[in-house]
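Engineer: This is what each chain is made of:
4 protein chains.
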Amino acid sequence: MAGNTFGSLFRLTTFGESHGIAIGGILDGCPAGLQIDMEFIQNELNRRKPGQSHITTQRKEEDKVRFLSGIFEGKSTGQPIAFSIENTDQRDKDYTHLKDSFRPSHADYTYQVKYGIRDYRGGGRSSARETACRVVAGAIAKLFLSHHKISIKAYVSQVGPVKLEKHYRDLDLTKTEESIVRCPDATIAYKMVSLIEDIRKDGDTIGGIISCVVIGTPVGLGEPVFDKLHAELGKAMLSINAVKGFEYGEGFNCINFKGSEMNDAFIHDVRTEANPRAIRTSTNHSGGIQGGISNGEDIYFNVAFKPVATLMQDQQSVDGSGQETTIKGKGRHDPCVLPRAVPIVESMAALVLADFILRNKCSKLI
Amino acid sequence: MAGNTFGSLFRLTTFGESHGIAIGGILDGCPAGLQIDMEFIQNELNRRKPGQSHITTQRKEEDKVRFLSGIFEGKSTGQPIAFSIENTDQRDKDYTHLKDSFRPSHADYTYQVKYGIRDYRGGGRSSARETACRVVAGAIAKLFLSHHKISIKAYVSQVGPVKLEKHYRDLDLTKTEESIVRCPDATIAYKMVSLIEDIRKDGDTIGGIISCVVIGTPVGLGEPVFDKLHAELGKAMLSINAVKGFEYGEGFNCINFKGSEMNDAFIHDVRTEANPRAIRTSTNHSGGIQGGISNGEDIYFNVAFKPVATLMQDQQSVDGSGQETTIKGKGRHDPCVLPRAVPIVESMAALVLADFILRNKCSKLI
Amino acid sequence: MAGNTFGSLFRLTTFGESHGIAIGGILDGCPAGLQIDMEFIQNELNRRKPGQSHITTQRKEEDKVRFLSGIFEGKSTGQPIAFSIENTDQRDKDYTHLKDSFRPSHADYTYQVKYGIRDYRGGGRSSARETACRVVAGAIAKLFLSHHKISIKAYVSQVGPVKLEKHYRDLDLTKTEESIVRCPDATIAYKMVSLIEDIRKDGDTIGGIISCVVIGTPVGLGEPVFDKLHAELGKAMLSINAVKGFEYGEGFNCINFKGSEMNDAFIHDVRTEANPRAIRTSTNHSGGIQGGISNGEDIYFNVAFKPVATLMQDQQSVDGSGQETTIKGKGRHDPCVLPRAVPIVESMAALVLADFILRNKCSKLI
Amino acid sequence: MAGNTFGSLFRLTTFGESHGIAIGGILDGCPAGLQIDMEFIQNELNRRKPGQSHITTQRKEEDKVRFLSGIFEGKSTGQPIAFSIENTDQRDKDYTHLKDSFRPSHADYTYQVKYGIRDYRGGGRSSARETACRVVAGAIAKLFLSHHKISIKAYVSQVGPVKLEKHYRDLDLTKTEESIVRCPDATIAYKMVSLIEDIRKDGDTIGGIISCVVIGTPVGLGEPVFDKLHAELGKAMLSINAVKGFEYGEGFNCINFKGSEMNDAFIHDVRTEANPRAIRTSTNHSGGIQGGISNGEDIYFNVAFKPVATLMQDQQSVDGSGQETTIKGKGRHDPCVLPRAVPIVESMAALVLADFILRNKCSKLI
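Order-wise, the sequence lines are chains A, B, C and D. Counting in our numbering, the first sequence runs without a single skipped number right up to 370 at its last residue. Counting in our numbering, the second sequence runs without a single skipped number right up to 370 at its last residue. Counting in our numbering, the third sequence runs without a single skipped number right up to 370 at its last residue. Counting in our numbering, the fourth sequence runs without a single skipped number right up to 370 at its last residue.
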């Protein structure tokens with residue numbers, strides 16, 4: 005119960021510190037027979053990789069994943085899929101000045117008190133470097149979901165005050181990867197990049213919102229009561245570093261509706277293989293989930309990221325004994341994590357959905 | 005993995021349908037020796053009970069809890085605490101007209117497709133009646149937390165457009181129970197009640213926001229990576245019926261800050277028993293959680309509720325075969341669930357914190 | 005992690021003390037659509053019930069099960085199936101003499117130290133009365149298994165020195181219920197009953213062995229490494245009160261074989277619907293399990309029960325403060341629990357197999 | 005739920021195939037601050053290593069463990085401890101002749117049917133090579149247990165017909181490591197070695213029994229009902245390759261006792277720090293566990309191992325299509341696995357006890 009495992013049946017356990025020997029994980033429960041597309045996985049990692057553009061950190065990490073087990077002749081065998089990513093950028097530096105120094109709004113202080121010991125080189129276990137492991141497992145989950153014709157598209161919809169007002173239905177989500185900020189609208193993307201450039205010059209950071217859409221979900225994913233589909237999605241997103249909020253469907257905006265405006269009427273639709281009952285909803289305020297279970301409509305949600313805590317400015321703080329000290333702003337960090345967080349959001353969503361597909365296999369007798 | 009269990013060590017499993025024989029649950033993992041204050045538990049249930057004021061549903065349910073095990077001579081024994089609440093309002097009505105009818109934005113359709121069968125009398129398992137069980141277990145969790153000097157205070161901060169602008173620090177939270185809408189500010193409470201009265205007259209419903217504050221948390225609750233304190237809080241809240249969004253600390257508002265404004269500087273404070281390191285933060289944008297672990301400051305968060313789906317108006321829908329039909333607006337339902345949801349929010353928060361207190365017992369060797 | 009839950013997906017949580025208000029449980033994860041045969045369930049309970057013959061305890065307990073949820077119009081709905089059995093024999097006696105007295109080889113002492121409090125009326129939570137709940141859930145598991153054409157037959161194969169030497173293949177297991185001792189061989193059954201009658205006259209108790217056979221298992225049940233089919237069966241059996249040993253296939257007798265004698269050669273068999281590969285083994289020393297996974301042959305195992313600790317004789321002991329005291333032999337107890345334990349063994353085996361059927365749904369991609 | 009994880013709080017997940025790139029695991033939940041003695045861990049691995057004497061397989065595997073995370077400046081940090089052992093003996097051989105061939109009493113057939121795919125090089129995931137990972141984690145568990153003054157001593161007590169009749173109390177268990185067969189009695193050890201040498205000459209294999217004693221356990225380890233201490237020990241042992249039976253305390257021998265002979269009377273003892281209540285039992289037929297919870301006396305149990313299935317003799321079998329074929333006896337295998345299994349038995353016992361120590365932290369309120 006130490007918090008390093010995600011999922012019930014499609015289950016990921018990760019390990020590793022930012023400046024240790026390696027990070028990695030074990031993905032257990034992936035069904036046998038899945039073709040593991042190595043190029044796709046590496047490409048997903050590259051979308052998260054530092055140094056991919058001038059608006060991300062310039063840290064150089066190769067982030068090359070090595071699979072250790074569970075794959076045979078290119079396919080999953082049903083056995084645990086272990087993988088590791090060596091920490092090649094782990095330099096032989098002197099970190100002792102960080103030993104008794106707590107960086108503001110980082111996890112240094114809480115880890116120190118909770119465990120009485122911490123790997124003080126970088127963020128250790130609390131570093132966002134851990135999310136590379138989520139992307140590896142999430143990429144495999146995506147391969148699994150593609151068998152079920154489910155696709156997941158995340159994009160940056162807001163950076164600070166620069167907001168993409170259009171609804172996802174009015175966007176061409178195939179264009180997301182065309183901009184370095186991962187916003188599918190070129191005009192807004194340009195403004196976001198400009199803002200991030202300015203923020204970087206000040207040694208400051210900025211937050212924003214990532215929106216995500218899941219298309220092709222069958223009716224029936226999600227479990228009643230505690231493990232509702234949106235509850236697990238929420239937990240998944242909130243577990244990503246720097247996330248402060250989650251909403252799905254109309255989200256916080258639902259307070260502006262009356263029930264008569266918010267309800268999604270059921271309508272008769274064309275009978276297809278994917279919709280054998282020919283039932284759909286005329287609107288989708290619900291965000292594709294009713295009673296915690298997918299209803300076949302698009303699932304969409306928003307995730308709020310705070311500005312990252314590591315600044316290129318000096319900050320006042322205290323040390324382990326409570327004495328005042330100054331934290332120097334140095335190193336190579338992201339002025340805005342959102343562009344690199346897009347594949348992380350997608351990966352976590354993929355892990356949630358893959359898990360629910362397996363869980364749903366047990367809902368009916370036949 | 006069927007979704008009816010919450011928590012790792014302090015663990016609740018619930019059962020029951022709205023119109024079945026009884027609802028109830030088993031709370032497993034409550035440490036031995038806890039004095040079980042029956043009056044307090046029943047009082048918590050009464051805060052959630054239907055018919056408590058003219059702005060809630062006028063359904064009559066006694067909601068009297070019966071404990072079946074795990075308590076001996078007034079104290080918990082460390083064995084499972086089972087309890088049941090009989091469904092006394094379960095009338096011998098004819099529900100067959102609901103058999104093939106899917107109420108909009110309810111779980112009728114998704115349950116029917118997922119399971120191929122459903123208890124169509126009322127919402128069955130998906131009814132919010134299940135949350136009474138959360139309040140019973142949450143009340144026990146609160147008793148446990150009071151040993152650790154942790155208290156939880158939720159209140160209604162917004163109903164539709166009527167918003168309580170004040171920060172929780174500027175409110176007297178002891179006044180929450182003085183208003184039937186559970187808003188601690190009398191003026192705003194009055195406006196909320198008026199709005200709900202109007203909505204009720206139209207046979208419509210309205211949503212809003214519940215805010216919650218946790219005071220007295222020690223440093224160290226929460227687990228790294230996937231089981232961050234706010235991730236479990238988020239899942240807990242999102243699992244409550246009608247919830248569409250969750251945010252903690254600055255939440256979605258964090259997009260309006262730069263990192264240099266958002267970071268909470270560590271400061272030297274007075275050394276006390278509760279704060280032996282004499283370390284605090286000068287601000288609390290983080291909402292009492294850093295790196296997923298409590299830092300000793302107040303934890304605060306917001307939960308967005310949609311307007312409930314049951315209307316006193318006719319609605320268009322389809323039946324099981326896809327044929328169009330009309331859902332009649334009748335019965336006794338809540339125009340706004342928020343007043344009754346306040347103890348549910350507190351209960352789920354209490355379950356999360358109690359679980360993390362137990363989990364934290366294993367973090368250090370000594 | 006308080007130990008009151010069994011199973012991963014087909015999951016039972018039980019509650020209740022021997023002299024509390026009720027015992028019962030929640031069976032979560034039973035797939036929807038299963039016809040729940042109430043008469044069968046009650047009949048299974050009757051096989052375990054006290055007072056069923058002159059060689060069991062003469063305690064009168066009606067053991068009538070009441071289902072509270074999860075069943076609608078006679079079928080499982082996929083929601084938690086809760087049930088309770090009231091403790092009708094719970095008399096208003098004075099138990100205070102047991103408060104500080106530890107019965108030898110019972111759980112009184114270990115519970116007292118572990119929890120600092122215990123329900124000292126009878127065995128409380130540690131009483132074998134709890135196993136009635138396993139029989140209720142096991143009966144539902146059997147109904148589920150019958151859809152998969154799997155049947156489970158347990159019988160008493162040894163009581164003290166009276167041993168049934170025949171292999172299960174040479175027995176007519178339909179005759180087990182014909183004898184009150186539940187041994188399918190009439191001659192041996194007669195000897196067992198005589199021995200138990202003698203033991204009872206002395207106020208003493210006797211142990212023995214229950215053998216169990218599972219017929220009709222498909223290839224593929226059980227998980228690699230830690231959750232091998234026989235490892236879960238072993239845990240299941242060892243969790244039953246008074247069990248001291250478990251063996252499957254040749255069991256402890258395997259030390260009398262060489263590898264060349266023990267190995268089960270694969271042979272070509274007739275191709276049938278149940279055996280599409282036409283592969284069987286010529287012998288079955290393995291007990292139907294290879295590498296922790298069922299191979300389609302019969303699964304068979306033995307469970308050793310100690311003589312129950314409650315005697316009708318006086319015994320020396322100590323009280324809570326370590327002072328010597330005498331435990332009086334009184335009450336109504338079983339001289340030999342094995343006849344009543346037969347349905348418990350079957351129930352636990354049924355729970356294990358039902359769980360693995362669900363788990364196996366996720367092993368392959370298609 | 006794919007079976008590769010063991011333990012609730014002190015939790016090991018393993019990965020790897022015998023002829024893949026590496027085997028390894030993640031130990032999650034080890035409390036922070038534990039001094040990790042690398043030499044001790046490697047020494048434990050060496051006790052399990054192939055090629056350690058002339059009666060084991062002559063395969064050469066270095067079995068050098070590499071830790072990837074969770075240890076900082078020699079101590080555990082409370083974060084996941086990941087480790088890997090590269091498969092250096094993994095030669096570039098042609099294994100295609102095994103592709104469609106099922107070795108008798110191995111897992112080839114059951115894995116093939118369950119997953120539709122298998123790594124047919126050696127045993128793949130089902131190989132006992134996986135147990136090296138258990139020894140790594142078990143060694144860390146032993147370091148943790150030594151803080152609690154608990155020690156675990158296993159030894160070979162029977163090989164085929166050669167049996168060590170003495171009770172563990174009459175043996176000097178410090179002498180176990182002096183013999184290559186790991187039997188603490190020199191005379192019996194000599195006979196065991198001779199027998200194994202003979203068996204090896206015939207290309208055959210032989211089984212036996214490993215006995216194990218746990219000394220120094222406090223009162224209170226183990227959980228009620230399903231997770232009894234001996235039930236988890238039983239599952240742990242039965243999950244080891246080739247194990248067919250488990251018994252604790254008097255075990256199967258309990259059928260030779262009456263209740264009046266089997267019960268362990270409580271007696272007044274000297275009050276010590278380790279025994280503050282001054283309560284012990286005069287005998288220990290119970291094997292240190294009553295009601296599933298440790299009572300402070302020695303825990304002892306036996307584990308039966310079958311003769312390993314890999315022979316140096318030709319065997320008849322069938323291939324994937326059911327055609328008859330011959331399995332050639334070749335390679336380098338163990339005539340008797342018991343000497344190498346001693347540290348595996350100890351390791352699994354250590355993992356069980358470490359887990360229960362953590363679980364027991366939550367039993368009482370204070």
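Source of the hints: derived by calculation from the structure; they are not laboratory data. It is possible that part of the hints are untrue.
A pair counts as met if it fits within one copy or between any two copies, since identical chains are not told apart.
[Said to hold, decoys possible] Once the Cα atoms are required to be at most 30 angstroms apart in a straight line, the calculated DSSO-like pairs of lysine-lysine come out as:
(1) K262 <-> K205
(2) K157 <-> K64
(3) K170 <-> K195
(4) K365 <-> K79
(5) K205 <-> K334
(6) K153 <-> K332
(7) K195 <-> K153
(8) K205 <-> K365
(9) K195 <-> K79
(10) K170 <-> K68
Engineer: Now look at each hint and say whether the structure bears it out.
Structural biologist: Tested hints:
{"no.": "1", "hint": "K262 <-> K205", "verdict": "between (45 angstroms within a copy, 13 angstroms between copies)"}
{"no.": "2", "hint": "K157 <-> K64", "verdict": "within (27 angstroms within a copy, 47 angstroms between copies)"}
{"no.": "3", "hint": "K170 <-> K195", "verdict": "within (15 angstroms within a copy, 33 angstroms between copies)"}
{"no.": "4", "hint": "K365 <-> K79", "verdict": "both (22 angstroms within a copy, 19 angstroms between copies)"}
{"no.": "5", "hint": "K205 <-> K334", "verdict": "within (13 angstroms within a copy, 61 angstroms between copies)"}
{"no.": "6", "hint": "K153 <-> K332", "verdict": "neither (49 angstroms within a copy, 37 angstroms between copies)"}
{"no.": "7", "hint": "K195 <-> K153", "verdict": "neither (34 angstroms within a copy, 49 angstroms between copies)"}
{"no.": "8", "hint": "K205 <-> K365", "verdict": "neither (52 angstroms within a copy, 45 angstroms between copies)"}
{"no.": "9", "hint": "K195 <-> K79", "verdict": "neither (43 angstroms within a copy, 48 angstroms between copies)"}
{"no.": "10", "hint": "K170 <-> K68", "verdict": "neither (36 angstroms within a copy, 50 angstroms between copies)"}
The structure fails to meet hints 6, 7, 8, 9 and 10 from the earlier list, while all remaining hints are met.
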